[in-house]
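A.B. asks: Sequence:
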Amino acid sequence: MKSIRYGIFAVLTAVSICSLTACSATDVFDDLVEDTVEGSQNAGGDSTRVIKNIDTTLTKPEFKNDLNGSVPLVVGDTFNIDGTATSTDGGIISYQWYKNNVNSNGGGTPIKDATAAIYTVEAVEEGSVFYYVVATNNHGENYNSAASGTFEVIAHKAGKWISDEYGKKYMDEDGNFIVNFWINIDGDTYHFDENGYATVGWYPVGNVLYYFDEEGRILRNGTTPDGFQTNEEGILIGDVMPSGVPGIVDPASEAAIVAEQAAENIGQ
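Per our numbering, the sequence shown starts with residue 431, numbered consecutively.
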């Protein structure tokens with residue numbers, strides 16, 4: 431059976447910051463100024479279009495956690511993106527979500543009815559889509575807006591689980607096993623090793639430890655069989671290392687050790 435190497439996914443806690451297209455607030459929101467309306471009905475039942483005015487003296491919304499990074503899903507799975515923003519001057523915050531085929535928080539396509547702080551993405555077809563939200567601080571007919579960073583959703587072909595005496599693998603519809611990869615399947619996060627098996631137990635990434643249960647699912651806000659606690663991202667809480675788990679080596683220190691060993695081998 432052939433295998434496909436998707437590449438190592440940076441976990442959401444250690445994702446790289448997305449590069450955003452530089453643009454001014456005026457450039458980003460020109461269309462928004464023209465198209466933003468307050469829906470209302472007059473006595474005759476006709477829709478009344480109220481043009482709102484941008485006011486840069488108003489506070490721009492501040493995002494609770496600005497969007498960045500990415501998440502891989504299988505087709506048919508969903509993921510919640512949180513774009514919650516706040517205002518410090520008492521304004522009412524409204525939202526409009528956008529999607530884009532490039533990594534930019536401008537020029538995207540508005541998503542119909544996606545006007546809540548949290549947007550649930552459904553992976554409908556294989557490929558990559560970038561999402562961002564425009565939050566608006568409303569004061570009557572005046573407003574000021576801010577665009578979030580971008581968040582990438584990467585959809586992969588759905589597949590099926592295959593188990594043997596060594597563990598569980600996930601094979602897509604083309605017969606390829608996922609290897610060296612993190613992915614969300616049916617709402618749970620899994621990691622697959624270089625042989626395609628779902629990780630079980632403790633798994634170090636950088637200077638943190640993640641825990642995966644016996645089914646290979648990352649354990650969020652739980653207690654491991656050896657009595658340790660994990661946070662909402664599945665990361666070990668506290669500085670005490672579980673017994674039998676290799677110590678976490680600082681990447682710089684590890685590189686220095688490798689270089690020293692290489693020098694010794696050359697001298698022999």
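Simulated from the structure, these hints should not be mistaken for laboratory data.
A quick note: this is a predicted structure, and the numbers were derived from the prediction, not measured.
It is possible that some hints are incorrect.
[As the list claims (entries may be wrong)] With a Cα cut of at most 20 Å, we get these calculated SDA-like pairs of lysine to any residue:
| no. | residue 1 | residue 2 |
| --- | --- | --- |
| 1 | LYS587 | ALA544 |
| 2 | LYS494 | LYS587 |
| 3 | LYS494 | MET671 |
| 4 | LYS490 | THR508 |
| 5 | LYS542 | THR518 |
| 6 | LYS494 | LYS590 |
| 7 | LYS494 | ALA547 |
| 8 | LYS587 | HIS569 |
| 9 | LYS587 | ALA547 |
| 10 | LYS598 | ASN625 |
| 11 | LYS529 | SER517 |
| 12 | LYS587 | PHE509 |
| 13 | LYS590 | ASP602 |
| 14 | LYS529 | ASP519 |
| 15 | LYS490 | THR516 |
| 16 | LYS598 | TYR627 |
| 17 | LYS587 | VAL609 |
| 18 | LYS482 | LYS587 |
| 19 | LYS494 | ASP512 |
[Claimed, not checked] Derived DEER-like restraints, expressed as beta-carbon distance ranges:
| no. | residue 1 | residue 2 | range |
| --- | --- | --- | --- |
| 20 | ASP604 | ASP543 | 22 to 28 Å |
| 21 | GLY537 | GLU644 | 43 to 49 Å |
| 22 | GLY520 | TYR633 | 20 to 26 Å |
Glycine is no exception: its CB is placed at the ideal position from the N, C-alpha and C atoms.
A.B. asks: Decide, hint by hint, whether the structure agrees.
C.D. replies: Checked hints:
1. LYS587 / ALA544: Given that 20 Å is the threshold and the Cα spacing comes to 25 Å, the pair is violated.
2. LYS494 / LYS587: violated, 32 Å
3. LYS494 / MET671: With Cα atoms ~31 Å apart, LYS494 and MET671 exceed 20 Å; violated.
4. LYS490 / THR508: Violated. LYS490 to THR508 sits at ~30 Å, over the 20 Å cutoff.
5. LYS542 / THR518: violated, 28 Å
6. LYS494 / LYS590: violated, 37 Å
7. LYS494 / ALA547: holds, 10 Å
8. LYS587 / HIS569: violated, 45 Å
9. LYS587 / ALA547: violated, 28 Å
10. LYS598 / ASN625: Holds, at about 10 Å.
11. LYS529 / SER517: Roughly 24 Å separates the two Cα atoms, so the pair is violated.
12. LYS587 / PHE509: OK: LYS587 and PHE509 at ~16 Å, within 20 Å.
13. LYS590 / ASP602: Since the Cα atoms of LYS590 and ASP602 sit roughly 6 Å apart, the hinted pair holds (cutoff 20 Å).
14. LYS529 / ASP519: violated, 29 Å
15. LYS490 / THR516: Since the Cα atoms of LYS490 and THR516 sit roughly 9 Å apart, the hinted pair holds (cutoff 20 Å).
16. LYS598 / TYR627: holds, 5 Å
17. LYS587 / VAL609: Roughly 14 Å separates the two Cα atoms, so the pair holds.
18. LYS482 / LYS587: violated, 43 Å
19. LYS494 / ASP512: Holds. LYS494 to ASP512 sits at ~9 Å (cutoff 20 Å).
20. ASP604 / ASP543: 22 to 28 Å: Given range 22 to 28 Å: violated, Cβ gap about 34 Å.
21. GLY537 / GLU644: 43 to 49 Å: Given range 43 to 49 Å: holds, Cβ gap about 46 Å.
22. GLY520 / TYR633: 20 to 26 Å: violated, 46 Å
Comparing the model with each earlier hint shows violations of hints 1, 2, 3, 4, 5, 6, 8, 9, 11, 14, 18, 20 and 22; every other hint is respected.
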